[in-house]
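Engineer: Here is how the chains run, residue by residue.
Number of protein chains: 2
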Amino acid sequence: MNRTGTGSTAPSSDAGGVVISVDAMGGDSGPATVVAGLAKFLGKTPGARVILHGSAEVLTPLVAKKKIEKRVTVRDAADVVAMTDKPSHVMRHGKATSMWSAIDSVREGEAQVCVSCGNTGALMAVSMVRLRKAEGVNRPAIACLWPSRNPSGFNLMLDVGADIRADQDDLLTYALMGASYARNGLGIERPRIGLLNVGVEDHKGRAELKVAHDLIARAAPVADFDYVGFVEGGDIPSSRVDVIVTDGFTGNVALKTGEGTASLISELLREAFRKTPLSRVAALLALTSMNRLRKRIDPRRVNGGVFLGLNGTVVKSHGSADATGVAAALKLAYRLAKSGFSDKLAARVASVGVLPPAPGQSEAERIEDEAT
Amino acid sequence: MNRTGTGSTAPSSDAGGVVISVDAMGGDSGPATVVAGLAKFLGKTPGARVILHGSAEVLTPLVAKKKIEKRVTVRDAADVVAMTDKPSHVMRHGKATSMWSAIDSVREGEAQVCVSCGNTGALMAVSMVRLRKAEGVNRPAIACLWPSRNPSGFNLMLDVGADIRADQDDLLTYALMGASYARNGLGIERPRIGLLNVGVEDHKGRAELKVAHDLIARAAPVADFDYVGFVEGGDIPSSRVDVIVTDGFTGNVALKTGEGTASLISELLREAFRKTPLSRVAALLALTSMNRLRKRIDPRRVNGGVFLGLNGTVVKSHGSADATGVAAALKLAYRLAKSGFSDKLAARVASVGVLPPAPGQSEAERIEDEAT
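Top line first, the protein sequences correspond to chains A and B.
Counting with this note's numbering, you get residues 1 to 372 for the letters of the first sequence.
Counting with this note's numbering, you get residues 1 to 372 for the letters of the second sequence.
A few of these clues could be false.
[What the hints assert, rightly or not] No farther apart than 30 Å at their CA atoms in a straight line, the calculated lysine-lysine pairs in the DSBU-like style are these:
id : chain 1 : residue 1 : chain 2 : residue 2
1  : A       : LYS86     : B       : LYS204
2  : A       : LYS40     : A       : LYS67
3  : A       : LYS275    : B       : LYS338
4  : A       : LYS204    : B       : LYS295
5  : B       : LYS275    : A       : LYS295
6  : B       : LYS86     : A       : LYS204
7  : B       : LYS86     : B       : LYS331
8  : A       : LYS133    : B       : LYS204
9  : A       : LYS275    : A       : LYS67
10 : A       : LYS275    : B       : LYS295
11 : A       : LYS204    : B       : LYS275
12 : A       : LYS40     : A       : LYS295
13 : A       : LYS295    : B       : LYS295
14 : A       : LYS204    : B       : LYS133
15 : A       : LYS95     : B       : LYS204
[To be verified] If you want the footprint, here are the derived chain B segments under chain A, 3+ residues with CB under 8 Å:
id : region
16 : 74-80
17 : 257-263
These are calculated hints, taken from the structure and not from any lab test.
Quick caveat: nothing in here was measured; it's all calculated off a predicted structure.
Where a beta carbon is used, it is the ideal one built from N, C-alpha and C, also for glycine.
If we strip away everything but chain A, and leave its shape as in the complex, we get (with noise of 0.2 Å):
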C-alpha cells in the first residue's frame, strides 16, 4: 500500500453544509461496499460533503465510478485496522490508519462526525485518545437502535459494550445522552427512559440501580424527560419506554441475544416454509407479507452504534454491512451532525450539576438504609 499522501484540500465545514468523515477500510465487506453506500446516501442527501479515508489508490478510482468526486475528499492513509487487532497494539502503532485519519478529522474540526465499519474496540479507543470524554462524563457509551412498537419503530439502548460495567453515575450520564440522542437522532421531544433490572418493583436489584434509580427519577425534570422506572429484558422493544438505561455488559448480552432470537426464528420460518409443495405456494403467496416484516426489523436499517460521551460524535457501522447498511449509518451521522447533537450532548450532561442534593445525607446512604 501506498504511504505518500495525496495532500487534499478537505471541505469547509463552514460552508453551511454538514461535513462526514468516513472511513472506508477495515469493514469485513471492503471499501467498495463503503463508496456504493456512500453514493446511495449523498444521491438522497444533497447538503452533505464527504472526507473519505483510506487508500487513495483504490478509492478515487471507486469515487470516479460513482460520479461523487465533486462531493468526497479523498484523504489517504496507508494502513488498516484488522477485525483481529487488539485496540491496545491500534493506540500504539495506529497513527496512520484510515480509522486514526477518520476520527481526526472530527477532532481538528473539520468534519461533524466519524462513521467507520472497523474493529469496535480499536474505534472506541481511538476515539477516546483522539476526542477525549467530554466534561461530566466518566464512562463513554455505545448506543444501539431496537425494533420496536413505537411509532418511530426504534427504541434505544446504552450501553452495549463501550465498557463492562457502570456504576449509579454512568447510568444516570447513560439516562442523560439517552435522552439527547432521542430528541436529535429520533426527534422524540419528551423521550421515556427505562432502567433495565429483573423486575419492575423498586426493591428489585443490583444495590447501584436501586442508587441509579433515584438519580434518575430526579434528573428527569431538569433535564426534560420522563422517567418510567425500572423495565425488564421483555419491555426492550416495548412501546412503554424509548431509551433502556444499562451497563455495557448487561446491554451487549441482551443485543446479541435479541439478534440471535431472530435470527433462528427466521431461519425456522424459511425451513417451515421449504417443507412442503403446498408450504412453498404459500411462501410465494405471502412473499409481500414477508417481505413488509423483513422491512420493519431488517437489521441493517438500525445499523449504527453511536459513541457517546466524546467530544465529537462517532459512529460504528456494522462490519459486515451492506451498501443499505452503510448508507442508513451514513443517515444517521447526517442527523445528528445536524442537529448540533454533540454540543447539545455536552451541555445535557452539564447540567446535571444543578440537579438538587438529597435532603441531609447521600442517596447512596439513604437507599442502603432503606435496603436492610
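Based on the hints, put chain B in the right spot on chain A.
Structural biologist: Okay, now just chain B, sitting in the frame of chain A:
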C-alpha cells in the same frame, strides 16, 4: 377457605414409581388448569403418582371429574401464596400455604420432586428454608430451557434469576449443576458448557469471568463435560453449546429479552399477514407451516424453571401456564425424579473437591496478575 385438613395417606415412594408433589394453587390460571394439566400428564405417564396440595374443597371435585383420584392424593392446605406476596412475608407467615406444604412433601421424602405455578421469589425462599442448600452450593440457581438449533431442540441456561449476582465459584457450581441437569433431564451424555460473556476471546469480560473460565476448564475432565469457553448472547440458541452459564441478573435479562423479541416478531408476522386480501389467503395456506414453527418455539414446551442446588428438586411452572404447559412441567419433573437427578447432582458438586489446586498461587491471583 377450609382450615381443617382432611388428613389423607400419601402414596408411598417406595412402591417403585415416581411421586410428584404439586402445588395446585397460586398460579394465574387457577387450580382447574393445574388439574387439567395433571390429567393430561398422568394419561401419558403410567408410572407416576401425585400429591396435590391446596384447598381440598376445591380440588377433590376437580380430581374426581377428571377420574384421576386413584393416582392423586389431595393434601388440604388452607392458605395460598399470592403473586404479589413478598418472599420475606411468605417465609414468616406461609406455613399453612399449599406452596409450603408441597415443598415439605419433598423434605419429608414422600415425594421426589415438587412442581408449583406460584410466585417465583416465594417458592425459592421457601425451598431454601425447608430443603436447605446442598453441600458445596453457595448460591442455588434457576435453570430454564431455550429453543435451539441442537437436535434435542433445547439448550439450557442458568442462573436465570435465583440470585442477582454470582462469583467465580458460583459460576463453577452452575457449570457442574447444568451439566448434571443436561445429562439427566435432556439425555445429553457429554454436555458442552459455555460461559456467557461479551466476546469469545480469553481477555474479554469482568475479572470473575476470567477466573471462572479457568476453573470450569479445569473441572471439565473431572466432571465429564466439554467446556467450549466463552459464548455470546447470539450463541444461546446455537448448536455450539448445550448449557449456558451466567449470573442470575444477566440470565434473567437475556431470557426476557429473548421472549420479548420472539413475541414482537410473531406479532408483526400476524400483522403482516392480515394486511391485504392476498396476504390473508397466503396466511391460510401457510397455516401448517406456521403451526410447525409455532410448535418448535412454543414457550409451553419449554415450561419449567428448575431450582438447582437444594436438597431436592423444585420445578417452577410459568404462572400463566395452560394445561399443556403444566403437563410439560410435570413431565420434566418426572424425568428428573426418575433419573435420581437430585442425588447425582449432589455427588457431582461434591466432586469439585478433587480439582487439582493451581500451581503456586491461587487462581484469582494468577488471573489478576495476567490482567495487569
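Engineer: Hint by hint, say whether it matches the structure.
Structural biologist: How the hints compare with the structure:
no., hint, result
1, A:LYS86 <-> B:LYS204, "holds, 11 Å"
2, A:LYS40 <-> A:LYS67, "holds, 11 Å"
3, A:LYS275 <-> B:LYS338, "violated, 36 Å"
4, A:LYS204 <-> B:LYS295, "violated, 34 Å"
5, B:LYS275 <-> A:LYS295, "holds, 15 Å"
6, B:LYS86 <-> A:LYS204, "holds, 11 Å"
7, B:LYS86 <-> B:LYS331, "holds, 29 Å"
8, A:LYS133 <-> B:LYS204, "holds, 22 Å"
9, A:LYS275 <-> A:LYS67, "violated, 46 Å"
10, A:LYS275 <-> B:LYS295, "holds, 15 Å"
11, A:LYS204 <-> B:LYS275, "violated, 41 Å"
12, A:LYS40 <-> A:LYS295, "holds, 18 Å"
13, A:LYS295 <-> B:LYS295, "holds, 25 Å"
14, A:LYS204 <-> B:LYS133, "holds, 23 Å"
15, A:LYS95 <-> B:LYS204, "holds, 25 Å"
16, 74-80, "violated (count 0)"
17, 257-263, "holds (count 7)"
Checked against the numbered hints listed earlier, the structure breaks hints 3, 4, 9, 11, 16; every other hint is satisfied.
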